[in-house]
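Each protein sequence line maps, in turn, to chains V, A and P. Its first residue numbered 119, the first sequence is counted upward by one per residue in my numbering. Its first residue numbered 4, the second sequence is counted upward by one per residue in my numbering. Its first residue numbered 66, the third sequence is counted upward by one per residue in my numbering.
Simulated from the structure, these hints should not be mistaken for lab results. Worth double-checking, as some hints may not be accurate.
Under the rule of at most 27 Å between Cα atoms (straight-line distance), these lysine-lysine pairs were calculated in the BS3-like manner [unchecked claim]:
#1 P:K324 / P:K288
#2 A:K506 / A:K297
#3 A:K207 / P:K162
#4 A:K297 / P:K162
#5 P:K231 / P:K184
#6 A:K437 / A:K207
#7 P:K162 / A:K549
#8 P:K324 / V:K166
#9 P:K231 / P:K327
#10 A:K506 / P:K148
#11 P:K197 / P:K148
#12 P:K248 / P:K162
#13 A:K297 / A:K207
#14 P:K343 / P:K256
#15 P:K288 / P:K248
#16 P:K256 / P:K328
#17 P:K328 / P:K347
#18 A:K507 / P:K148
#19 A:K437 / A:K549
#20 P:K94 / P:K231
#21 A:K437 / P:K148
#22 P:K256 / V:K166
#23 P:K288 / P:K231
#24 P:K328 / P:K288
Small disclaimer: the values here were computed from a predicted structure and weren't measured.
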Amino acid sequence: MTTTKSEVLLHTPGHVKHDGHNLTGFIIFLCSESIIFFAFFVGYGVLKITAPTWYPDGVSGIAVREPLINTIILVSSSFVIYFAERYLHKKNYWGFRIVWLVTMLMGSYFVYGQYVEWSELTFSLSSGVFGSLFYLLTGFHGLHVITGILLMGLMLIRSFIPGNYDSGEMGVESISLFWHFVDVIWIILFILIYVWQ
Amino acid sequence: MTITNYDERIIKVNQPVPGAPNNWRRFFGFNTDAKVIGIQYIVTALIFLLLGGLLGMLIRGELITPPSDLFDPTVYNGLYTMHGTVMLFLFLFPILSGLTNLLVPPMIGAPDMAFPKLNALAFWLVPVFSIVLLTSFFVPGGPASSGWWSYPPVSIQNPLGHFLNGQMLWIVAIGLSGVSSIMGAINFVTTIITMRAPGMGFFKMPIFIWTVLAAQILQLLGLPALTGGAIMLFFDLNFGTSFFNPETGGDPVLFQHFFWFYSHPAVYVMVLPVFGIFSELFPTYSRKPLFGYKFVAVASFGITILSLVVWVHHMFYTGTPMWMRNLFMFTTMLIAVPTGVKVFAWIATLWGGNLRLNTPMLFCLGGLFNFIFGGITGVMLATVPIDIHVGNTYFVVAHFHYIIFNTIAFGIFAGIYHWFPKFTGRMFYEGLGKVHFTLTFIGATLNWLPLHWAGLLGMPRRVASYDPEFAIWNVIASIGAFMLGVASIPFILNMVSSWSRGKKSPPNPWDAIGLEWLLPSPPPHENFEDDIPTVLNEPYNYGLNKPFVVDEEFYISKALNDS
Amino acid sequence: MNLKDNINPKISLIIGISFAVFIDLVLSKLMASWSYSWLPVQASKAAPYVDNLFAFETGIGTFIFLGCSGVIGWVLLFNRAPKYDESYGEPFEGNVKLEIVWTLVPLFLVIAIAIYSTKVNTTLQNLGEKTKYDSQKELPTYLDNNEASAGTFIDVISRQWSWEFKYPEGFSSSELHLPINEKVYFRLISKDVIHGFYIPAFRLKQDIIPGSIISYSLTPTRKGIYRLRDSMFSGAYFSQNQTNVIVESKDAYQEWINKTVKKVPVDGLNQAGFLYKKRLEKGDKGWATISPSPSPQVNDPGNPDSAHEG
Ligand code: HEM
Ligand SMILES: [Cu+2]
Ligand SMILES: [Cu+2]
Chain V
119 MTTTKSEVLL HTPGHVKHDG HNLTGFIIFL CSESIIFFAF FVGYGVLKIT APTWYPDGVS
179 GIAVREPLIN TIILVSSSFV IYFAERYLHK KNYWGFRIVW LVTMLMGSYF VYGQYVEWSE
239 LTFSLSSGVF GSLFYLLTGF HGLHVITGIL LMGLMLIRSF IPGNYDSGEM GVESISLFWH
299 FVDVIWIILF ILIYVWQ
Chain A
4 MTITNYDERI IKVNQPVPGA PNNWRRFFGF NTDAKVIGIQ YIVTALIFLL LGGLLGMLIR
64 GELITPPSDL FDPTVYNGLY TMHGTVMLFL FLFPILSGLT NLLVPPMIGA PDMAFPKLNA
124 LAFWLVPVFS IVLLTSFFVP GGPASSGWWS YPPVSIQNPL GHFLNGQMLW IVAIGLSGVS
184 SIMGAINFVT TIITMRAPGM GFFKMPIFIW TVLAAQILQL LGLPALTGGA IMLFFDLNFG
244 TSFFNPETGG DPVLFQHFFW FYSHPAVYVM VLPVFGIFSE LFPTYSRKPL FGYKFVAVAS
304 FGITILSLVV WVHHMFYTGT PMWMRNLFMF TTMLIAVPTG VKVFAWIATL WGGNLRLNTP
364 MLFCLGGLFN FIFGGITGVM LATVPIDIHV GNTYFVVAHF HYIIFNTIAF GIFAGIYHWF
424 PKFTGRMFYE GLGKVHFTLT FIGATLNWLP LHWAGLLGMP RRVASYDPEF AIWNVIASIG
484 AFMLGVASIP FILNMVSSWS RGKKSPPNPW DAIGLEWLLP SPPPHENFED DIPTVLNEPY
544 NYGLNKPFVV DEEFYISKAL NDS
Chain P
66 MNLKDNINPK ISLIIGISFA VFIDLVLSKL MASWSYSWLP VQASKAAPYV DNLFAFETGI
126 GTFIFLGCSG VIGWVLLFNR APKYDESYGE PFEGNVKLEI VWTLVPLFLV IAIAIYSTKV
186 NTTLQNLGEK TKYDSQKELP TYLDNNEASA GTFIDVISRQ WSWEFKYPEG FSSSELHLPI
246 NEKVYFRLIS KDVIHGFYIP AFRLKQDIIP GSIISYSLTP TRKGIYRLRD SMFSGAYFSQ
306 NQTNVIVESK DAYQEWINKT VKKVPVDGLN QAGFLYKKRL EKGDKGWATI SPSPSPQVND
366 PGNPDSAHEG
């Protein structure tokens with residue numbers, strides 16, 4: 119800065135932008151995060167196959183119907199969020215906000231459904247291997263869903279800031295990616311806990 | 004702090020030196036400049052090296068005689084657990100993050116890291132989890148004392164039954180350390196992938212960058228498994244779950260899988276950047292190109308991939324089926340191949356060179372020498388029948404200190420000396436550096452070489468007392484340990500006095516090739532700012548007359564003017 | 066190193082290298098035979114196999130180590146830059162042939178070592194199967210070693226911090242008595258945490274996992290008293306969790322059994338309990354520990370002071 123550049127510049131100086139890595143960083147984060155779930159899934163599988171006792175006393179299985187409804191809602195919200203993103207691309211901000219809110223509501227319904235399921239169960243965190251794993255997996259996933267809903271709320275509020283999308287839609291893209299991630303995790307989880315009984 | 008008595012003259016330099024013109028206070032605040040963060044990490048980590056070393060000397064004090072006479076065995080167990088934990092999580096990981104922060108942006112010509120705020124946050128978690136960990140010395144019952152492995156069921160026994168216990172704080176600290184490391188890893192990987200200077204394709208990157216990339220990818224893939232295991236351990240300890248608790252059907256060995264799936268690669272997270280440092284320094288001080296640049300670069304990823312599939316070598320005697328033991332023995336031994344490629348390349352780089360034996364080069368040579376030794380004992384440990392004899396004995400302790408201290412810490416010292424002039428703008432005192440090296444080399448050898456024999460004869464590790472036939476090896480080891488304590492004095496003296504009143508450093512005191520050496524010493528806040536050089540070749544062409552960047556002269560004279 | 070003055074530098078180089086390799090080989094061979102003395106006495110069938118493997122690797126390791134450090138030493142002696150000399154070394158960038166050689170040679174070497182050790186593994190077959198069981202219910206009774214029809218069967222019970230050995234004749238002991246040259250089968254059982262069953266003179270080690278029993282077998286081949294050490298950290302008094310293994314002739318062993326069966330059970334060897342009591346008397350200073358489990362009731366508490374070899 120303080121130097122005066124040589125009169126004849128023989129080089130073409132490059133310039134690296136400071137921003138614009140958010141999505142890359144976020145994708146790397148998701149890859150890493152998925153390994154925690156992977157670890158839990160492996161733990162579930164190993165213990166399910168090898169534990170001398172699996173279900174707690176008095177429990178012979180786990181109901182599938184309500185969780186299945188929940189699953190359908192969560193999975194469809196992944197399609198809904200896709201349309202929200204489409205609206206945003208087309209600069210239809212109200213369309214985006216409404217569909218985005220629908221996604222949030224579907225997510226919230228899922229959390230509510232989880233809550234109802236938990237409160238009706240007869241076993242707890244400390245009821246042997248299955249109890250521990252069940253609450254760990256659904257709880258950890260539920261935390262992710264709640265985080266996703268909160269982040270969506272944040273994005274919804276920010277959409278009202280004028281000029282919010284001038285420098286790109288990185289935030290919305292990242293959250294939507296996160297939502298798909300949470301969905302895929304749930305599908306695996308559903309198969310492990312409810313289908314593989 | 005050392006940085007307080009600041010030399011007036013530095014402040015007159017027209018570029019922001021770390022510490023000037025905003026003065027030393029910047030090191031104590033939330034600063035987003037990677038160079039400040041790097042120094043914050045390094046200084047913090049070195050303080051913890053002193054603490055960890057003190058704990059190490061305390062345990063060596065206990066072990067100088069066979070009976071458990073200096074401490075109660077419970078205290079010994081707490082001390083060795085905290086020693087290992089402090090050394091790994093408060094010294095090694097942070098100091099490597101520090102070097103990485105200092106070096107990555109200048110070496111690839113980036114102005115800063117991709118996410119400067121995340122970077123600062125990652126650093127500030129270090130004091131937070133350090134305090135959490137050290138607090139555990141003062142909770143009722145004392146700190147965690149089940150070793151840095153924290154294997155259940157010992158780790159979930161919780162003798163006093165309190166919710167707030169040393170083991171619990173240990174898990175929280177390790178968890179936070181993991182969060183910090185993941186933040187760092189996301190940052191490093193993103194930076195390296197997206198912010199390289201024009202022309203710097205992957206095969207023109209410095210080897211240090213290759214190794215950092217390989218190491219940080221390992222971090223991203225492995226660390227979450229440990230985090231998962233730690234969460235489950237936490238629940239077992241405090242909420243009565245039964246993941247690892249055999250009394251309620253859990254499986255203690257499952258934890259070992261989670262733990263080693265990360266903690267074996269963790270060793271490579273630590274050693275890979277040191278391989279990078281070796282690969283930078285050997286060519287510079289031999290005045291020769293790095294032998295087989297491409298092989299050395301690719302070998303880093305060979306190591307990364309293999310190191311993800313060897314973890315069971317820590318469980319050869321835990322009831323692992325035969326086929327699994329044989330399989331993992333084989334994969335473990337395979338790591339010797341890419342590692343060998345690197346070692347031979349360094350030796351070939353030395354061959355026929357014009358060696359300048361200053362302090363950084365001495366630490367590199369010492370580190371390489373020790374690494375060859377530690378690598379050989381590593382292959383022995385991978386051999387199932389031998390491991391079944393020497394596993395969990397002092398042979399292992401000796402082996403891993405040969406890697407972790409005699410190689411990794413040596414490489415870190417080499418790196419600190421080598422880049423000290425670049426980032427402080429001051430030269431260090433060569434004489435003190437040589438004293439530091441000599442004491443460290445002799446102390447480390449006395450400390451860990453004899454312990455191989457104690458292990459071969461059957462002395463288990465983690466013992467507070469031992470049978471008298473092992474006394475001789477332990478006495479020598481303890482003398483070495485105390486010598487290492489003494490070795491820290493010239494080092495501290497050197498760092499403090501050189502930084503405050505050392506001779507000013509030119510931009511390129513070692514006549515080295517590399518983007519960082521085209522910058523003034525110390526580099527300005529955003530490194531090359533708007534004049535990012537276009538890279539033409541990899542940075543090892545000593546004596547080959549190949550241009551390194553377009554218009555090199557411009558940068559050289561600019562750096563000279565700005566220094 | 067002034068090769069240029071030589072009439073034929075290539076030949077003298079080859080002679081020099083062969084000489085160095087020869088010295089290296091001799092030293093490696095010496096080191097390998099010396100390595101036997103670094104290990105405890107060989108007292109089991111497994112020991113010679115392990116020691117041979119170790120000597121083999123010591124030999125190879127020494128060869129590589131001396132080879133590499135020899136080159137480093139040479140360079141340090143003859144390639145040092147004089148003061149203020151900043152000139153470059155010989156600028157060769159690499160050599161693909163050489164790279165391939167030092168990739169393939171180590172590859173074949175480790176494959177060879179792996180095959181050798183896999184063979185040793187298969188020959189030894191000491192470490193058997195691990196079977197999980199429900200701790201609320203009975204222990205599984207079988208032992209699934211291949212030829213488990215004949216031989217001695219002993220239950221090893223480990224606790225924080227004592228050992229108990231249950232013999233099929235219905236008594237237990239704090240020390241492990243074994244007949245020489247006879248295959249012994251064990252069931253390894255832990256009552257609390259993971260312990261390690263480690264007898265250095267036998268070169269054998271097996272972790273004992275609570276919630277599982279592990280089958281395990283070995284054949285002692287040398288009379289004497291050896292040390293059995295807990296090798297997996299098991300808490301406060303881990304380093305005290307040791308006892309003796311006594312290998313004796315068939316007759317002496319039988320005599321010991323006949324004598325011990327008749328003895329009344331007493332408190333077994335429990336060094337940890339003794340130390341913990343002392344700690345309590347001194348005001349329970351130190352960091353927290355769970356209290357040692359009560360001494361096992363054994364018919365022969367043994368003699369912890371008898372001298373051991375290895
Ligand atoms: C003054 C220098 C040092 C001394 C005297 C020392 C000594 C020791 C001793 C006696 C043990 C106990 C081994 C056992 O009983 O299993 C130990 C363990 C350990 N040391 Fe060091 N050490 C030193 C430096 C280091 C450094 C620099 C590192 C890492 C960078 C390190 C990492 C470890 C680890 C990870 C353990 C294992 C702890 C465990 O088993 O949980 N040490 N050290
Ligand atoms: Cu490992
Ligand atoms: Cu190792």
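Here's how the hints hold up against the structure:
{"no.": "1", "hint": "P:K324 / P:K288", "in the structure": "20 Å, holds"}
{"no.": "2", "hint": "A:K506 / A:K297", "in the structure": "37 Å, violated"}
{"no.": "3", "hint": "A:K207 / P:K162", "in the structure": "22 Å, holds"}
{"no.": "4", "hint": "A:K297 / P:K162", "in the structure": "14 Å, holds"}
{"no.": "5", "hint": "P:K231 / P:K184", "in the structure": "33 Å, violated"}
{"no.": "6", "hint": "A:K437 / A:K207", "in the structure": "33 Å, violated"}
{"no.": "7", "hint": "P:K162 / A:K549", "in the structure": "24 Å, holds"}
{"no.": "8", "hint": "P:K324 / V:K166", "in the structure": "48 Å, violated"}
{"no.": "9", "hint": "P:K231 / P:K327", "in the structure": "15 Å, holds"}
{"no.": "10", "hint": "A:K506 / P:K148", "in the structure": "19 Å, holds"}
{"no.": "11", "hint": "P:K197 / P:K148", "in the structure": "69 Å, violated"}
{"no.": "12", "hint": "P:K248 / P:K162", "in the structure": "52 Å, violated"}
{"no.": "13", "hint": "A:K297 / A:K207", "in the structure": "9 Å, holds"}
{"no.": "14", "hint": "P:K343 / P:K256", "in the structure": "24 Å, holds"}
{"no.": "15", "hint": "P:K288 / P:K248", "in the structure": "14 Å, holds"}
{"no.": "16", "hint": "P:K256 / P:K328", "in the structure": "25 Å, holds"}
{"no.": "17", "hint": "P:K328 / P:K347", "in the structure": "35 Å, violated"}
{"no.": "18", "hint": "A:K507 / P:K148", "in the structure": "21 Å, holds"}
{"no.": "19", "hint": "A:K437 / A:K549", "in the structure": "34 Å, violated"}
{"no.": "20", "hint": "P:K94 / P:K231", "in the structure": "45 Å, violated"}
{"no.": "21", "hint": "A:K437 / P:K148", "in the structure": "16 Å, holds"}
{"no.": "22", "hint": "P:K256 / V:K166", "in the structure": "23 Å, holds"}
{"no.": "23", "hint": "P:K288 / P:K231", "in the structure": "21 Å, holds"}
{"no.": "24", "hint": "P:K328 / P:K288", "in the structure": "25 Å, holds"}
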